[in-house]
Every structure is written in structure tokens, then in C-alpha cells.
Amino acid sequence: MDDLIVKTVTKLIIPFIQLYGIFVILHGHLSPGGGFAGGAIIGASFILLTLAFGIEYTKSILSAKVTERVEIGGVIWYIFIGLIGIAISGVFLGNRVAGFPMGTFGSVISGGMISLITIGIGLKVASTMISLFHHIIEED
Amino acid sequence: MKNYLILITLTLLLIVLVSSLNEMPVMGDIASPAYNEVAEYYINNTQEDTNITNIISAIITDYRAFDTLGETTVLFTSITAVVSVLGFSIKDKKE
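Chains R and E are the protein sequences, given in the same order.
Add 927 to a position in the first sequence, counting from 1, and you land on the number used in the numbering used here.
Add 1 to a position in the second sequence, counting from 1, and you land on the number used in the numbering used here.
Because the hints were derived from the structure by calculation, they are not lab data.
These numbers come from a predicted model, not from an experiment.
Be a bit skeptical, because a hint or two may be false.
Claimed, not checked - One side of the interface only, derived from the structure: several residues of chain E facing chain R at Cβ under 7 Å:
#1 N4
#2 L70
#3 T73
Stated by the list, open to error - Sample of chain R residues with no beta-carbon within 12 Å of chain E, all distances over it, derived:
#4 K934
#5 L939
#6 L957
#7 S990
#8 G1012
#9 K1051
The beta carbon of each residue, even a glycine, is placed where N, CA and C say it ideally should be.
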């Protein structure tokens, strides 16, 4: 698609979409949303970039190697946090018993491992959407 | 003969399933077994246990974090399957 209007609007709107996605992920333990929703928003912003500028341009920003590594890293990060719980308290994915800092109630830094897990899920979902879309669109 | 046997078995199974439909609790029934003390426990103890304001987030990433790990693994498995089916054909085309 080679349209000036679509390209200009995409350039203007993508930073706001990605900022909103990061907001939803980081506030997953305070407001509606969370890792799955925020990751889907970030993934959708990259899909919009692919639709407007073409797959070659998006791959020069975010190559398949990076999305694959982020995907594997998301799962490993999740399991790693669970293993920290086993090492400290003997409970897989333990939160308070594993000694994660609880923070003050209602602030962004609270809830121990919950926000860490939400970040992992968000990265995972975003990279899954991007690489799935790229693999399917490359078929043509 | 074999087809009739299959048909009869399936019909009997259908009768069993449909008859048990009547025993299901009505939607919104207060005596339904789904409304038990677990929901009350989540509402009363989320702040003490996890110190966060979003109870749903507490359920999916703390109380049932192992289930969410399975969900994440499902995503990982699906992308692995897609890449293993589509990825090779792309490589062949380029070479």
C-alpha cells in the first residue's frame, strides 16, 4: 500500500498506540487490562506499521530474530520468576512467601512479582502477534 | 450393520446428555455450586495476600499463575507450529 495519507496518519498515531499499550501493561495490577490486552495493543501497532509501510520496512526496525528471542524470553522469564519462588520459599510462583517487595497499596510499584509477570506476558503476546502476522503475510 | 450400531450408541449417548441438561442449575441461581466461598475469599483477602487493587489481575497472575503459565505456553506452541509449517516454505522460495 503506497498512500501518503495512510502513511502520515500512521506515523502520527503509532507512538500514542504504543504508549497506551505500555501504560496498560504497567498498570495491569491497578486498572482493567493487563499483559494480554496491552501486548495485543502493542502488537496491533506493529501490524498497522506493516500494513502502511510494507513488510520490509517493519523488518528493518524489528527483525524476525528479535521477535523470536523476545517470545522465547517471555516464557523463560515467567518460569524463572516461578523458580525464584521455589529457591526462596519452596512454592512455585510464590509471591509474598517468596519475599518479593510488596510496595505501597495502590501505587505502580506494588504487588511483588505480579507486575514482573505482566510485563513478561505483554512482551510475549506482542511478539507472538507480530511474528504470526509477518509469517502469514510473507506467504504471498 | 456397523453403521446402525454406531447410530444406536450415539442416540443413547444423546439421550443421556440431554436428560442431564435438566439437572443443570438455572442461570443466576443462587444455589448453584459455582457460587461458593472461593469468590468471597478472593474479595476479602486480595489486598492482604497480594497488595494490589485489581482482583482479576490477582487471580490470573497470583492465585492461578500456573494456569496463566499454561496459557503462555499455548501461545508459544501455536507460534512454533506456524513457523514450522510456514517458515520452511519461505526459506525454500528464497534459495
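Quick rundown of the hints versus the structure:
no.: 1; hint: N4; result: violated, 40 Å
no.: 2; hint: L70; result: holds, 6 Å
no.: 3; hint: T73; result: holds, 6 Å
no.: 4; hint: K934; result: holds, 26 Å
no.: 5; hint: L939; result: holds, 31 Å
no.: 6; hint: L957; result: violated, 5 Å
no.: 7; hint: S990; result: holds, 14 Å
no.: 8; hint: G1012; result: violated, 9 Å
no.: 9; hint: K1051; result: violated, 6 Å
The structure shown violates the earlier hints numbered 1, 6, 8 and 9.
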